[in-house]
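Participant: The lines below spell out each chain.
Number of protein chains: 2
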Amino acid sequence: MEEFSQEMLHLGKKAKDASRILATLTTKEKNVALEAMASSLELDAENIIKANQKDIETAREKGLAEPLIERLTLNKERIQGMVNGIRKVASLPDPLSVTDEEWVNDNGLRIGRRRVPLGVIGIIYESRPNVTADASALSLKSGNATILRGGSEAINSNLAIAQALQTGLSKTHVPKEAIQVLSSTDRKYSNELMRMTDYVDTLIPRGGQGLIQAVKNNSLVPVIETASGNSHLYIENTADIKMAADILFNAKTQRPSVCNAIETLIIDEQIAEIELENFLQPLKEAGVEIRGDRKTKELVQDILEATEEDYHEEFLALILAVKVVKGYKEAIEHIAKYSTHHSEAIVTKDYQKAQDFLNDVDSAAVYVNASTRFTDGEVFGFGGEIGISTQKLHARGPMGLEALTSYKYVIQGKGQIRE
Amino acid sequence: MEEFSQEMLHLGKKAKDASRILATLTTKEKNVALEAMASSLELDAENIIKANQKDIETAREKGLAEPLIERLTLNKERIQGMVNGIRKVASLPDPLSVTDEEWVNDNGLRIGRRRVPLGVIGIIYESRPNVTADASALSLKSGNATILRGGSEAINSNLAIAQALQTGLSKTHVPKEAIQVLSSTDRKYSNELMRMTDYVDTLIPRGGQGLIQAVKNNSLVPVIETASGNSHLYIENTADIKMAADILFNAKTQRPSVCNAIETLIIDEQIAEIELENFLQPLKEAGVEIRGDRKTKELVQDILEATEEDYHEEFLALILAVKVVKGYKEAIEHIAKYSTHHSEAIVTKDYQKAQDFLNDVDSAAVYVNASTRFTDGEVFGFGGEIGISTQKLHARGPMGLEALTSYKYVIQGKGQIRE
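Those protein sequences? They're chains A and B, same order as listed.
For any residue, its number in my numbering is found by taking its place in the first sequence, counting from 1, and adding 52.
For any residue, its number in my numbering is found by taking its place in the second sequence, counting from 1, and adding 52.
Any copy will do: because identical chains look the same in the list, a pair fits if it lies in one copy or spans two.
When the alpha-carbon atoms are kept at most 30 Å apart in a straight line, the in silico DSSO-like pairs for lysine-lysine are as follows:
| hint | residue 1 | residue 2 |
| --- | --- | --- |
| 1 | Lys294 | Lys381 |
| 2 | Lys228 | Lys65 |
| 3 | Lys68 | Lys268 |
| 4 | Lys381 | Lys466 |
| 5 | Lys66 | Lys268 |
| 6 | Lys80 | Lys381 |
| 7 | Lys240 | Lys228 |
Everything labelled a hint here was simulated from the structure, so no lab data went into it.
Start from the sequences, fold in the hints, and give me the full structure.
Facilitator: Written out as structure tokens, the structure reads:
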């Protein structure tokens with residue numbers, strides 16, 4: 053028997069008890085609770101901003117980089133964004149209102165596959181305090197209790213947000229322990245969280261590769277991996293020139309810091325010889341640093357040579373690796389070797405190549421003639437997302453409310469026994 | 053970077069390469085391969101029995117218990133059972149022939165959720181050599197490559213079966229590395245198998261609690277837990293007496309060694325006072341040892357007192373724990389505390405209690421007025437099963453072919469970029 057601290061055992065038990073109640077709530081009761089959370093957050097905006105300023109001061113003292121401080125910062129507008137996010141979740145269909153299938157088997161048993169919550173979801177995340185509100189809302193709507201463990205740099209903000217959400221819940225039928233934030237960011241406690249299999253049903257890490265690997269390697273609780281995106285755009289010989297140029301520019305530059313932006317352009321040799329320079333010019337002008345293979349360097353002036361590491365790297369910045377290939381097969385092999393199985397796209401006019409690409413590429417989202425930037429729960433029509441899964445078990449790609457549920461079989465008989 | 057042995061790296065790469073080919077096969081190609089596997093196994097029966105006899109000799113020398121030797125033993129009939137099992141899998145619908153959903157989003161992108169294989173499935177199992185054939189067939193039909201690691205006591209049998217299956221495959225389009233058995237049962241190799249996240253997509257342990265816990269604790273590859281069943285039957289006050297007696301007898305005695313047999317009877321005090329002795333008499337006559345709480349001992353002669361451990365124990369034998377409760381709430385609490393979330397049943401005539409039980413009990417299969425013994429992929433109508441999951445992620449309850457698949461989003465556009 054593993055030793056857990058009293059604090060964590062207490063937290064775990066409270067979450068488990070809350071999850072039992074959450075599982076039995078009606079859609080209306082949950083929506084009322086979400087509205088109470090949203091209103092309370094709205095009312096508490098000033099307090100939250102004060103708490104956030106403490107975090108920002110500490111961050112500056114510690115010399116945190118400006119982009120990270122920017123991500124950490126809360127203002128009225130961003131808090132309103134969280135409030136609207138919670139209200140949006142309230143408006144989504146209840147994922148538990150569904151029986152996926154129901155049938156009668158040979159023994160006359162009526163067997164139904166009914167959606168149920170996962171139970172208690174642990175979220176371990178970095179930096180952005182809005183995750184505290186977003187993840188709490190999605191978990192609650194899907195009937196789950198949440199235990200949140202944010203980064204130390206956002207601890208005051210996260211606690212203030214959770215406090216506001218709990219104040220909202222205390223006016224409803226939902227126990228306030230449906231949402232709990234670890235008040236200490238000591239690793240001792242997050243390590244316990246990863247091992248409390250009696251109280252935590254699923255862990256979702258959200259953050260950089262380091263965080264996700266650490267959770268994967270240490271957790272005994274099943275993990276849903278929301279990993280990084282080393283995404284590829286493949287411009288095939290028959291591609292429409294303007295379409296290819298537009299998609300390339302969009303997929304690399306529209307928001308380079310996110311996981312569905314591309315990191316590598318793969319391009320057929322024939323079209324590269326004519327168009328590669330034209331394709332890359334607007335990117336260069338937008339400040340993108342190009343790192344190409346030997347052939348790319350022959351075709352385009354003033355670029356760096358790509359190393360093996362460049363093809364593996366998720367830059368999340370205005371850097372693009374380029375690989376010129378002899379044709380479809382080499383393109384597919386490059387993707388199979390370097391991709392993190394997030395999002396990949398082909399631009400082509402060739403019907404068969406389009407079909408083959410959709411079949412052959414083993415990624416969560418595979419595109420023909422569209423930007424990879426669309427891999428997103430909201431854009432897909434799920435109303436929101438808890439993250440984008442790059443694993444194959446349970447959920448893959450953008451995870452909406454359904455990804456936070458499981459199912460059980462309910463079997464109704466009239467005295468059947470097994471012969 | 054972790055160090056892996058050359059043998060395991062070689063095996064992993066071969067499996068991964070095979071999985072890429074498997075993912076693109078047609079249903080017909082897979083069914084032809086399954087038939088080739090079945091025929092080859094049929095032809096090789098004598099060789100397999102010879103190999104099995106070696107295992108049995110070693111087992112006897114080591115003093116393995118008779119029931120375990122019985123489970124290990126292969127004869128013509130059991131081999132024919134495996135052959136028929138493979139043919140049955142060939143006759144099942146292809147789980148990859150499905151697009152779960154397809155819709156057009158606000159951007160005009162056509163988004164389809166298409167079933168794909170998991171990739172490479174590792175199976176770590178004990179004792180019964182038939183798992184080698186069963187798991188290989190189910191994996192292949194669902195487009196997955198398999199790496200099998202059986203117990204040391206069955207190593208010769210498992211290798212002979214795999215050899216026969218591979219011989220069958222070598223006459224088809226399917227690479228024989230679709231099915232590989234670890235030729236050494238040295239733990240060093242199974243530990244590597246659990247950490248080869250680049251080559252193995254999912255691990256399914258099949259066996260006792262010790263094995264499953266060891267895999268869960270050591271694996272970096274995502275695990276589907278097929279855990280034990282500490283299952284409960286609750287006889288509620290309004291239960292039909294004959295139905296309750298029949299279900300109790302069936303659920304405990306029809307095959308006590310399996311996970312869907314019950315271990316504990318929970319019974320309301322009122323009905324217990326009148327009927328408990330009658331309910332238990334046939335079980336006693338069938339050799340069932342009764343271990344009851346204080347109230348049970350007042351009502352029934354010559355039984356042992358149940359300890360706290362008895363309520364936690366999966367006996368898998370002719371032993372029944374009994375708990376007399378004051379009513380529904382106490383029954384539900386007992387199940388929540390001791391159940392392994394496999395299968396639980398209520399016998400009742402009360403409509404509301406039946407509905408409440410289906411809602412309140414958090415197990416993979418929840419029954420009203422039927423024996424728990426029906427929790428089985430075959431009985432449910434899935435045509436077979438790779439195991440029964442007691443976890444909530446990915447798959448729960450009996451796992452048929454669909455549980456061995458994932459999905460990907462295929463997105464077809466006409467040049468869309470994100471604004």
